Amino acid sequence: MKTPGNTRGKSVLSFVLLAAAAVPFLFPVPEVRAGNPHGAIYSSVTNRVFWFVLASDSHVGKKNGKGPENLQWLLGEAKDTIDPSFIVLTGDLTDSTDGGLYPDGPYLSEWTEYRNIVDGAGATASFFFDIPGNHDAYNDGTLSFFRNHAIQGRATGGTQCSWKRDFAFGSYHFLGMCTAGNDGASFSLIPPEYGDHAGLDEGELTFIENALEANKDADLTLAFGHHPLVRPAFTLETWDDTALTYGLDAFTGLMDGYGVSLYGYGHTHVYDEQFFVRNMTEGVIYLNTAAVGEISNNAYALAAIDCNGISVRSLEVKSWPLVLITAPLDPNLGVALNPYTWKVPRVGTGNPVRALVFDKNPILSVEYRIDEAGSWLPMQAVPGNPHLWEADAPVDLSGQTHIVEVRATGSSTGWDRIPTGEPPAPVEDDKKGCFIGTIAAGTRTP
Amino acid sequence: MEKHKTAIPFVLALLFILLLPAAAAAGGEEASGAAGFNSEGLSYFNRGYYEELPAGRQAAAEESFRMAREAFQKAVAVDEGFVEAHRNLGRLYAILKDYERAAVEYRKVVDLEPGNVDAYLPLASALDRLGRADEALDVLKRAKTATADPLVLKHLDGLIEKLEVQGGTK
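Sequences listed follow chains A and B, in order. Numbering follows this note's numbering, with no gaps: position 145 of the first sequence is 888. Numbering follows this note's numbering, with no gaps: position 93 of the second sequence is 110.
FYI, nobody ran anything at the bench for these hints, they're computed from the structure. A portion of the hints provided could be inaccurate.
Looking from chain A toward chain B, a few residues come up when the C-beta cut is under 8 Å (computed) [as the list claims (entries may be wrong)]:
1) 843
2) 844
3) 845
4) 847
5) 852
6) 903
7) 906
8) 932
9) 981
10) 982
11) 1037
12) 1038
Bear in mind that the values here come from a model prediction, so they are computed numbers and not experimental data. Don't be surprised by glycine CBs; every beta carbon is placed ideally from N, CA and C.
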């Protein structure tokens, strides 16, 4: 029997079905996967490696801050010694306090100091990728000071950037995004956003999508912004943390569709390796860089891509030598048994151990050992790459069940170690349906 | 009845003629009144602070700030209780590093909006920049009476501690 109610029910059902069918057209999910986070191999090949530096939160202008001093060191001695492919500075370039009580800027004096530091160090737009944070955006909705004084702001006239590194062994795409709010709101005492209306608007998302599409031939894609994607669980340490308030679902959809491997951010002033999977097929390495303007330990991070595998660790400013193991990969990078670094396929023979080693003084020795036992064994510098050291271990390391340690002696003795530990299994984060595993900072140093 | 019908349009037309000048005057007053002056001041301020100053056009910025100050001053002269105009004038003075005048304007903002906990911050900041940390502390402690939100109170306690530990940031 046909009743008005039934008719309405069918109409509603038809509408729902029609709407469901239209969803892919309204919110198209990219069909082409660009980067391949699963592209890493375990190989004795030594000419498929490059590295870069991640820093955040210089907070130039903060009273008693270390931003100017550490930024100068990073762009001077560290750049000269590490010789990275590029440096990313993920926001809060300035403090916006002018040494005062709270961020009520922007202040021309802070931006002039920042500009003098980066220009004085010879930083260029093809090498130094600075993006805005919330402190750069308070009371400045158009980010006028950023556009006039930051390296990328001056070079592009915009607030986001996209760059690529092409080698004989592959192409790698990087994105610098503006997660800072665009409303020019003032800092506020009112929770939960405190005036920090972070997010990615339609224009910003279009830039990101266009950049991903234009670089879909890249082997790996890594994205950087200032803010966490979601607010962390409420604790005494995180009570005033802020995160994206709009654009999150669209951005995670783009990361998923284009195969982004890593999202790196700052903001919290804490170094943390996690793995973000909310609304994603597998997820991304979720890397939180601490504040180069606030602390010395864990102040910046060094990342390497070796045979398409990502390695990263936090470092202390003005401390040499520094060591980063790049093969085998850390199976627990951000989460226990990271899908991109665990069970990496072996290609070729041997059990290579490789590490990048940097020191402003001559390196006297580089050694390794397996499973914290036996003698330290020598490693050799790779011909043609003075920073890369290698050895062929006597045991099969491809199963990723061994502890690998490398120590270098130069100015002092520096260490690295993998696995970093046994991070907990992913847990649900604060009722948001966001599954994130976490590992304590700095555990790569024994 | 018919006579009344004829009279209605006449009365309406008469009312229109009588009230039109008054309505026009009211509209004109709105455009050039406190809100109009405040809006004009903001235009000058935004041009000076976000276009000319970051681009290094210092002289042009200073002229824009002078025009902005005049407009904001006219706004508060027309309406002494116009809180936005006081806030804008306070910010302009603070940017010009005239913290004495900034504190005067920000204090008016607090007096006009005692329940707005955010209003206390710029006043405390201006006093702190004047080296009057004790007064800045008093302002922040007074701000605590304007809220019961534990997170806002926690934030205020952090700022109070910052001032107490450092004896002021200046």
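Structure-based check of all given hints:
no.	hint	verdict
1	843	5 Å, holds
2	844	5 Å, holds
3	845	6 Å, holds
4	847	6 Å, holds
5	852	10 Å, violated
6	903	19 Å, violated
7	906	24 Å, violated
8	932	5 Å, holds
9	981	12 Å, violated
10	982	6 Å, holds
11	1037	14 Å, violated
12	1038	18 Å, violated
Checked against the numbered hints above, the structure breaks hints 5, 6, 7, 9, 11, 12 and satisfies the rest.
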